[in-house]
Every structure is written in structure tokens, then in C-alpha cells.
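Enquirer: The primary structure of each chain is shown beneath.
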Amino acid sequence: MNQLYKLPDVCSIKELTNENSLSCELMLIKLKNDPDTREEIHSAAEAFKAETIDYSKDSIVLRLIGNSRKMDDFISLMGDFTILEICRTGTASIEKGSSVLRKNLNL
Amino acid sequence: MLLSGADILVKTLIEQGCDTVFGYPGGQILNVYDSLYTHQSEINHILTAHEQGAAHAADGYARTTGKVGVVISTSGPGATNLVTGIATAYLDSIPMVAVCGNVPTTQIGSDSFQEIDITGVTLPITKHNYFVGKVEDLADTIREAFVLAKSGRPGPVLIDVPKDVQIAKCEYEPKSPVEKEEPQPAKNTRIEEAAEIINSAIRPFIYFGGGLITADAPEEMLSLAEKIDAPIGCSLMGLSAIPTNHPGFLGMQGMHGRFASSMSMHNADVIISLGVRFNDRVTGNRQKFAKGAKIIHIDVDGSELNKTVNAVCGLRGDVKLTLQKLLPMLDESKKSEWMAKVDAFRQEEENYLDNRDGLTPRRAILTLNKYLGENTAVCTDVGQHQMWSAQNLNFKTSRRFASSGGLGTMGYGFGAAIGAAYGTGERSVLITGDGSFGMNLNELATAVRYNVPVVVIIINNGVLGMVRQWQTLFYDKHYSNSVLERKTDFPAFAKAFGADGETVTTPEELDEALKKAFNCEGPYIIDCKIDKDEFVLPMLPPGGSMDDIITKLEVQE
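For the record, the sequence lines run as chains A and B. Here the first sequence is numbered in this note's numbering, starting from 92 and rising by one per residue. Here the second sequence is numbered in this note's numbering, starting from 10 and rising by one per residue.
Next up, chain B with everything else stripped away, as it sits in the complex:
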């Protein structure tokens, strides 16, 4: 059938199984919005307050569903506003398709109103991007973008569609949704090598990341742990893959990782790493990182192998399929001595837990845990609250945690929480800080307008807490521009935007507020006051190793 480019674009999105898109209209994307109007019974468009919020919402939607998140914006500023959202998705390997309008091809390159070379701008932060020069290429370009976004190591793909391409007509033939490229296991010889190393391991440790969730392989990983009797740790991106209360799980590892997890990894003789990339926040000083251990590294992206740490055995392949092949080659064994040591680390960890009374960050998260359902998605922003959440949240279901791990985007959370609520079809939670929240709090307007049930918990200490923590430890307490000194009344702000909220100062008040929030139909804001000198502990100083771990700290006035 003969259709306009705009109709082809919308129909191809629908054809690819996309039922929810996030975005913001504007001059050069009006034709697409006209088509969205016509097709509103088939595809739901969520209008955000800012394109960045839309990009994060598409990201949150993708993280919670495993589907490709779609965001639409106009040209120029609309497109550049997506950039942080696209980069966030890129660094965390989240499948996303971003569609931007652009000025007509006849005006490209003339600095027209709201013209920007967005394919040029996003070149290093997308898996691939396209400038669609003629309408005949449009449908197949979108299909190709979906394949790329979800295949192998997922990532964002951008499609730039000039206005005249949206207007021009051509034949459109519906096709079935594209499949991602067939995942492949690693080479057999490599798997055999890995099996040999694992079978001779005395103190094995399993370390997984976001790649395990992408590959949908938590079950295989748990079978591995059970068979070889190994403790399990993860990176920030791996959180939620398995329930926090799983007996073998020690929690997050890294700069602010849990003590037992980091110690066990440090003392392991074989580290089986699954879908991780050994970021500097994980390794600290690379020379001293897990010195005594042989690293087995399984990742779908071959360029990650031996990138930052050397693996004795690098396996390029799909984590799930590779584990399925590896498992039968392994000997079942019990490692009581090693497990006793791990238990000792756990015992020691108990001593470092913050059990103070009053509204401490840890107590706030623990109080929240009581309200989290099996399907509740928790999103965070970036900073101290993010680490407290990662350390203390009780995860129950995979894909129910969304946090900007790679790029560390303050302002990520609210958009993501809105996207997560659509992705799960349930109430979502945003844990944020007063600094991060200040960056994209405009999205409260979106949550109110669509009546999205988001429980917002602002861990409010009046300072940029993580910056302050570093300034305390490494910059002679020069609190340069990290004290906010704002007079924002968050409950009043919530009311002004048409929502509701309250301030809490004790755990009991927080409990009451959460009760209200989890029964509220729309968004609810809880302004949770904590002390400005709370620390995220333990902490491995940047470039340090386990020998430098800080577990307790007295702040001197």
C-alpha cells in the first residue's frame, strides 16, 4: 500500500511489536506525530516534560521488559536533549531505538532553524546510527535498527528522518517482527579449557554483571554455583538477576561493594565472570586486583576479553548457551573449607553493618524493602543513595532494578521510573537524592498527567553527598560547591505539580508515609531527611585494593 514516510515509520514500529513510545513533538517530527494520532489505538505515546526524560523512560522500559525501548524527538534541541539518555543506554548496553526528525534534505547543511547533525553528534554513543535520505529505505532501516539494538551486546541505535522523507510516499509491505541474530555459544575448545580450570579450583567465585540479565541466564548461573559450590557476587549492573536472599549470594562487589563479596572475590583462586566488563569501579587498582586468581571471562562481546584485566581463559559467546555447554563438563564438588572462609567474611561483615537508630540511609532502604512486591521495579539516580540502595535493597525478581551504572547519569531515575511503571504495568519506586532529583524533577508533571504510580523517596541531606564524601576523604574537607543550601519544599513542590508528598525525619514517619505512598493512585513524594555526613561504606579508595578498604569511619568535626 502507498503510504507516507511518517505512516511507514509508525506502522513499522507497530509491526516490530512496539506498543509504547516516549517522546516530545516539534516542528520537524510533526508528520510522525500526526501518524501517531491516527494510530493511537495501536501505539501508546507518553509525552514527557523533556526529551531527556523520554530517553530515560524508554531505557527504563527496556530494562524492565527486555524489549527495545523507543523514543521519538524533533530535530535540533529535541535531538540533542536525547544525547545523555542515549549515552546512558550505551554505557549500560540497553536496547533502544531513538527516532529524530530533521529539516528537509534540501535544507540539510544550511544551519536551518533547529537543524543539527545528530548522526554526527551521536556517532560515538550509539551502536550504529542512520540518516534516512529517501523514503524507500525507511522501513528496512527501522527493522535493521531493531535487529542491531537487541542483537549480541545490546545498545542504542539512532535514526534521523528528515521532514521531506516523512512526507514522501512509497509502497509499504508489512513484515513480521525481526529476530535478533542467533546467539552462539563460545568455542568448544575454550569451554573445555574453562571446565578444566574450574574443576581444579579450590576457591572458586562467580562474578556476574548485566550481561547475565541480558542473556537471561540467572538459572544457568545458579546451577553452576550449586554444582561447584561457589559463592556469588555481582556488579551494580547485575543486581536483581537473582534474589538478594539467595543463600549463596554475597551481593554487589566493587568500590562500594559489600564486604563479604569483595573479600571472597579477592581471596578466590578462580573467578568465573559472566557478562561483566571489569570497570575501574570494580577493579580499583588493576595491578592488585584479584592477584592470586585465574579469571575465566565469558562475554558476548569479544572486545571485552582482556580489555582491562587479563583472563586466563576468555570465552566469546552467549552466556546462557555457553553455560549450558559448560555445566555437564564440570565435576560436582563441595568446598567446605572455602565456604567456611566465606562464612567468616559474612560474619565479619555483620560487624560493619550500620545498625544505628534513627533515620539512617540504611534504615530507610530496609524500611522500603517491606513494601516491595515481587514485581516492583526500583530505579535510582546517581550518588550515595544509589550505593545505599544497591547494598541494602532486597531484590526479588530479575529486571526489577534500573540504575545508571556506566555513565553515572544524575537525573536518570525519574524518567526511568516512569518507563519502568509502563514496562511492568505496576507501581515503581524511585530512590533519589536531593541533588539528582533536582536535575529532572520536571518529570513529576508527566507522572501526574498520566497518573503513573511512582513512589519517590528523596534521600535528602542538603548536600551532594558523594561529592562531599570524596571531599571529606581526599580534599581536606574543602566542600567546594557541594553544599546545596536550597530552600526547596519538596511536599509543596509535589502539591504544586498536582501530586502529594510529605517530609519524614524518623523511621516510623517513613513507614507511615510509605504506607500512604503504596496506596496512592499516582505519584507520591517522600522527602526523607538524613544527616549530611552519612558515608557510603565500605569503600575502596579510587585506585586502591582490598588492602585499603575503609569499613568504618568516624567523622571529626
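Only chain A is shown next, with the shape it has when bound in the complex:
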């Protein structure tokens, strides 16, 4: 952490743990749309609260929001089908409660 402070562009650093913070990431996953597997993909998507954001004859794009573990689980579940593409944002986190990294944030 001390090493990061040496970078001139770094304003503030705080270690966020599972206990004191909230985090999630976003994933877009494109799957092959096959009449045989369509149903199964949909029920899995429903269980994972994934939203269908694009639907075409050959492909389905799902959007997932949640922790990284959930993304991994979903990807491994989809392993039975044909995954065409995956795009993940990585984790974004924020502290719980009213405490902030930097006061007087001028935007």
C-alpha cells in the first residue's frame, strides 16, 4: 500500500474487506442460441437473475451483476453450452456506511 502512495496520481487508498464493504461486477456473456439448449439456458439465467439483453436467431447475450464468485459459477454452468464471448468488468467496491475515501470531492 505504501508503494501505491508513491504514485503521484494516487490520491487515497483504503483496504476494503468483505465485512466493511460492498462489491460487485458486471458480466456480459454471449451464448450460442440453439433450440435444444435454449430452455436450459433460460432457466439457469433466471436462477442467476441474469437479464437477456440481446436475442437473435443464433445468439443470446446475458447480463449478470453480482460478486465474482457468482460470475465464475455461472460461467462453469454455461460450460455445457457454447460460450461465444465473455466480457467482465472486474470488481467495483464501496465502503458501507457514511465513511468516505476523500472528503470534499469536487467533481
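Simulated from the structure, these hints should not be mistaken for lab results. Nothing here was measured: the structure is a model prediction, and the numbers come from that model. We put the CB at the ideal spot given by N, CA and C, even for glycine. Heads up, some of the hints might be wrong.
[Unchecked claim] Okay, derived cross-link-like pairs now, DSS-like style, lysine-lysine, Cα gap no bigger than 30 Å in a straight line:
| # | chain 1 | residue 1 | chain 2 | residue 2 |
| --- | --- | --- | --- | --- |
| 1 | A | Lys97 | B | Lys189 |
| 2 | A | Lys97 | B | Lys76 |
| 3 | B | Lys184 | A | Lys97 |
| 4 | A | Lys105 | B | Lys196 |
| 5 | B | Lys196 | A | Lys194 |
| 6 | B | Lys334 | B | Lys236 |
| 7 | B | Lys189 | A | Lys194 |
| 8 | B | Lys143 | A | Lys97 |
| 9 | B | Lys143 | B | Lys184 |
| 10 | B | Lys541 | B | Lys504 |
| 11 | B | Lys561 | B | Lys405 |
| 12 | A | Lys97 | B | Lys334 |
| 13 | B | Lys303 | B | Lys316 |
[Unchecked claim] Ranges of calculated distance between the beta carbons of each label pair, as one might list FRET restraints:
| # | chain 1 | residue 1 | chain 2 | residue 2 | range |
| --- | --- | --- | --- | --- | --- |
| 14 | A | Leu98 | B | Lys184 | 21 to 27 Å |
| 15 | A | Arg160 | B | Pro186 | 50 to 56 Å |
| 16 | B | Asn384 | A | Ile185 | 57 to 63 Å |
[To be verified] Some chain A residues well away from chain B (every beta-carbon gap over 12 Å; in silico):
| # | residue |
| --- | --- |
| 17 | Cys102 |
| 18 | Tyr146 |
| 19 | Ser147 |
| 20 | Val152 |
| 21 | Thr180 |
| 22 | Glu186 |
Given the structure of chain A, go ahead and fit chain B onto it with the hints provided.
Expert: Same frame as chain A, but now just chain B:
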């Protein structure tokens, strides 16, 4: 006033107190060189033979003056040639600003002729770097770069300036030179803690490094040593901070440190370390390093505390200011028993000194010592000669030793010696080896052209001595690619470049040659022949501890 980017760049350098720059022109920096031409009465540009030499010269200039060294190069190969010089400065925390040209912004990213992403390349070896996208940002970027380069723990900063930014015009308003960020002492509570530990110390040892020189705190350190009666040792980077003949000074510590210094540190119960970073060349085996000692660590860079060794008390802050606060809290005391032990180590060290007749490395350095003035800067390259120099040179004044300690850059010395001569305004000395010298000997052309008085002493053993030493000790004497077998005639080389030089084989000849060299107007090369099986001793084997120290060695044929 409305000025071009190139003029703004040069004027801002002048405004920041920069009077000497080192560099090499080229296509994408031509506008800046045009401006240097216009401003040549205000700023002196030294043209080197190679950009690497220019970077090392800026480094040598910075080390000897404490000012920010400035180097200028063109884009592409000019910029990449700076890389080793920038990395050398980075590892030794030397303040430097490197300015590179680049292709116009409209061509960036198209693999244009001599285009390179130099901010990308130098990201991990600079304190910070900038790509200046518009001329309006140029002056303030340079000012910011100077602040960063010299503040806190100093380091190199690179500024990449595309050609169209050099051509574009904008308003320029001169400003006064930027100040470095206000140094801060460590927290009071920490200083009190440290004072308590020091006051209860029975065998204290002071260990300082380059940070002491940067903080300009040798005086405070000496007051500390006097007050608590502690012996003093240093790292390679700390050399020259205090005179070698200071009664409490035991010299360099570490892999090739002096025996008494290393032994005293090993036997201390409290080590007060000032501006050091406990490099592996210093600690050897970290688990066994100074096991019985409590380490107090004062450094301006908080990330150094507890990085490689654990300190019982880590103080983040300016060394000078922290010592000033610490000193009044300490009890004055005499530690005769401990000092007697230290003296015994010194006595023992006498037995290990190399007093053989003939032109031994130690005798060569001792002979040189007679010629060194108060203000003479000595630069070295890297290898055995560097260690012999560190062990035996008689330093008199702070900032008069320049050596690549962190990166260990062979080829550093010649550029640095040229920069040091400009920094001190006096004759400088380069001690080098035939291996290291071979890497950047082209800079002799620079020294000749500007008539820079540099005394070059090549400790010539025909082999890569340090590599050979390791191969002898740890690689079954497999001298793989460490025997040079070159036929270089160094005096003839000197003459071909327009300088003069000679070969010496005895201490008497060396003495005569040095007399000539120190009266020579320009550079002078002394090719000093020594045996290929000379060793740097003592030696702590890599990863070893004081129990494994090698003090004497018979080389069997």
C-alpha cells in the same frame, strides 16, 4: 509573451535554475535544439557520444551538485538509449528530468519513423512520467517534474514532448524556481520511542546510506554518534557523506564491506539506520542478518520501512529534521566496553588488509588517494574495481563519490565522470575496469571535445573480474565468457580519440602517470595492469551471513 513550445521548454528549464544540460539532437527534438542555439548564453548543452552517456552525465551532475540533472534526447532510439541511465538514477534515487522528443501527436500510434511509446517503456523506472499533449500544459508540466524529481525520495521524471507541441505557440509567463515539497520530521511519538530504545542501547551502531546525503544530514548523524558513543558504518550509497578518516567511521558494510564495519553491525544490539533500504547486498541472509539487534529505521520513504528487514521502530520522515528532534531526547553516554570490542575488530581487520608489494588493486587506489583534492569527485563503473574503490578510497567531502549502487550499471562511470566534472567545476576521476570501460568508452570523444579533465584509471585484468571471482568460488572455475582476450591498446585508443594515456605495471609507474594525469588539461587514460586472479575481500557469499565471511583466499592453480 507568445512563444513556441520549444522556446517555452528551454525557458522553463532556465527559469528552474538549470544551467547545464546533456543530450543528443535528432529529428523530433530539432525545435528544442534550435531554441537551445538561441539561448546558448543562458544554458550550456553538452553533446555526448551516445544518449546513455548523456543520461549518466546528468546523473553524475545531479549526484555531485544535489541539483536536478537534465538530459535531452530525440524520439525512438534516442529515448530508448536513455532507459539504462534513467533506471540507474531510479535505483539510486537521483533527481533527474529527462526530456524526449516524439513524433507529432497526429502520427502517434502509427509506428512512424523513430516513434516509440517512451512513457510506456519508462513507466516502472521513473518516479512519474508525462506525455505532453498540448503546448498549454508544457511549462507547468516541466515545473511539476522538477518538484517531483527533488521532493521526498528523489528520482527521475520523464517528459515526452511531441514535435507539434514544440512548434505550437502559447502564452508563457516566467515563474520562480519551484521548491521541493516541505520536508517533514517523523511523528513525535515515534521519535520518543526511538529515543527510549537508543537510550537503553549497550552496543549501538549507526548505519547510514544515500538518504543521509540526500537529506544533507551528515552533521546531525555525527552529533548522534558522538552523543551516544556509537561506531558508524554505511552502505555503498552512503560513501563520501563523512570523511573516511573520521575516527568513528568503520567504512562500508555489506557483501564486500569492511570487516570491522560488518562485524560491529553484526554484534550491535541497536542499529540506527538512516536513509537506507537494506538491499540484499547488505543483508545477505535476511534471517541471520543482525539477529540480536533492534533496528531503528528512519527513512523519508515509508514504503522502505519493514520492506526487507523488520524494524522495531520505523520512522517515516526527513532524516535531518527527525535527527534534530531526536538528538535532545538522548542521554549522553560513553560505551567503553563496546568501543573496545569495536577496536578489537579494527585490529583484526588490519590482519586482513592486502599489503602485498607490486601493483595490487588496493595499492593502486591508495596511490590515487594521494592525488585526490577536497573537491575531487570520483566515479566508478561496476565490478571488482568498484568494490576496491569503495573499500580503499579516502573520501573527504560529501557528494564526491558517484557509483551505480542499485542497478549496478557497467558503463555508468564515464558519463558520470563527465557530469561530475561539470557539477564540481573541477577535475574528476573515473575508476573503471576493462570490462566496464569497454561498454561506454565512446564518451572519451566527449571529454576530448569539451576538454573535460577526467583522469581515467582502468583497472585492467583482461577478465570480467567479478564474474570470474564468482566462477572461481561458486562455479567450479568454469570461466564461461568472462575472459576478454581483447587486444585493445588503451593508450593508442586514447591517442586515436585525441587524448593521451599510458600503461603502467608498477606502483611507481602509476604514481608518475597520476602526476601527469592530474596536470593534464583534458582527459588522461591510465591503463593499470593487475593480475586476473585478484579477489575482492572480505566477501559474504550471496545469501550468507557473518558466519560465512571469507577474509583470506589462496587461489590454487
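Enquirer: All the hints need checking, so say for each whether the structure fits it.
Expert: Now the hints, each set against the structure:
| no. | hint | in the structure |
| --- | --- | --- |
| 1 | Lys97(A) / Lys189(B) | 15 Å, holds |
| 2 | Lys97(A) / Lys76(B) | 21 Å, holds |
| 3 | Lys184(B) / Lys97(A) | 27 Å, holds |
| 4 | Lys105(A) / Lys196(B) | 21 Å, holds |
| 5 | Lys196(B) / Lys194(A) | 24 Å, holds |
| 6 | Lys334(B) / Lys236(B) | 14 Å, holds |
| 7 | Lys189(B) / Lys194(A) | 26 Å, holds |
| 8 | Lys143(B) / Lys97(A) | 26 Å, holds |
| 9 | Lys143(B) / Lys184(B) | 19 Å, holds |
| 10 | Lys541(B) / Lys504(B) | 26 Å, holds |
| 11 | Lys561(B) / Lys405(B) | 29 Å, holds |
| 12 | Lys97(A) / Lys334(B) | 25 Å, holds |
| 13 | Lys303(B) / Lys316(B) | 15 Å, holds |
| 14 | Leu98(A) / Lys184(B): 21 to 27 Å | 26 Å, holds |
| 15 | Arg160(A) / Pro186(B): 50 to 56 Å | 54 Å, holds |
| 16 | Asn384(B) / Ile185(A): 57 to 63 Å | 58 Å, holds |
| 17 | Cys102 | 14 Å, holds |
| 18 | Tyr146 | 37 Å, holds |
| 19 | Ser147 | 34 Å, holds |
| 20 | Val152 | 31 Å, holds |
| 21 | Thr180 | 23 Å, holds |
| 22 | Glu186 | 23 Å, holds |
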